[in-house]
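K.L.:
Sequence:
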Amino acid sequence: MQMTIIARYFDTVHQALQKAEETQTPVVQQAAQLTAQRLMAGNILHVFGTGHSHILAEEVFFRAGGLVQVNAILDPALMLHLSASKSTDLERLENYARIVLQRYDLREGDVFLVVSNSGRNAVPIEAALYAREHGLLVIAMTSATAYAALPSRHPSGKKLTDVADIVIDTCVPEGDAALSLPGLEQRFGPLSTILGSALIQAYICAIIETMLKHQVQPRVLISANVDSGQDHSVLFQEYRQRIRHF
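Quick note on this note's numbering: the sequence shown kicks off at -1 and runs consecutively.
Everything labelled a hint here was simulated from the structure, so no lab data went into it.
There's no promise every hint is true.
To be verified - Pairs of lysine-lysine, DSS-like flavour, derived with a Cα cap of 30 Å:
1) Lys17 - Lys156
2) Lys211 - Lys84
3) Lys156 - Lys84
Just so you know, these numbers come straight off a predicted model, no measurement behind them.
Let the sequences and hints guide you as you build the complete structure.
P.N.:
Laid out in C-alpha cells, this is it:
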C-alpha cells in the first residue's frame, strides 16, 4: 500500500529527529553544561535568529516549562510580519546585527545562541562575532552539513560554523524542504522549525537537569493558564532589567 503524503511527511520527520538525536546528543549536552554553569553564576541566555529562525528565540522565551533567564532578541525588521522580502534583504546586510545587538544588555559571561538554517548570511555571522568580541559563549544552531559547500555571504568569507564556540547541526537538508512529488519541480515539506524546536528544547531540558545535579533550583515557568500557575512577577523581578521583552 502506498504511503499517503501525510504519512511520508511524518516518517521523514521521525527519521530526521532520530538522526538529530543520534548525532547531536553529545554536543547538545556539552552546550547545556556550559550554559548551566553560566546561568548558575547569574548570567543570561540570549537567543537570536532571523526570518523563520526567529521562531526558535520565541520558542524558549517566556515559555511554560522553560527557564526564566532566557532573553529573546527580536528585531521586527528581521522577522516576517512587517515585510518578508525586506527581512531577507536585511539579513544579508553588513553591520545591521551590531545595530540590533547594541540595544540589548549583552554582558561578558552570558551565552549567545544564534539560529540560522544556512549559516551563511551576514547578520547571524556578524551577531556571533559581536557576541564573541564581548566575551559571550557563542552556540550556533545551523544545518552545518547540508550547507558546508556553499559560500558565505559575509565579507570575511566566514560562515556561522567558523565563528561559534559550539555548533549544533540541525541535520536539516539543503533548501529545508524534504519531500517531492511527480509533476512538481520544487521540493516541499520543510523540516527546520520542527528539528530546531526539538533540539533547542532538548538543550533547555539538559540545562535544567545539569542545574539540579549541582543542587541549584532552576527558575522554571509554570503556565499562567493552569490554576496552579505561579506569580510570574516574583520570578521576573531579578531579571527585569536585563531581559528587554519582559
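K.L.:
A separate judgement is required for each hint: does it hold in the structure or not?
P.N.:
Verification of the hints:
1. Lys17 - Lys156: holds, 27 Å
2. Lys211 - Lys84: Roughly 45 Å separates the two Cα atoms, so the pair is violated.
3. Lys156 - Lys84: holds, 23 Å
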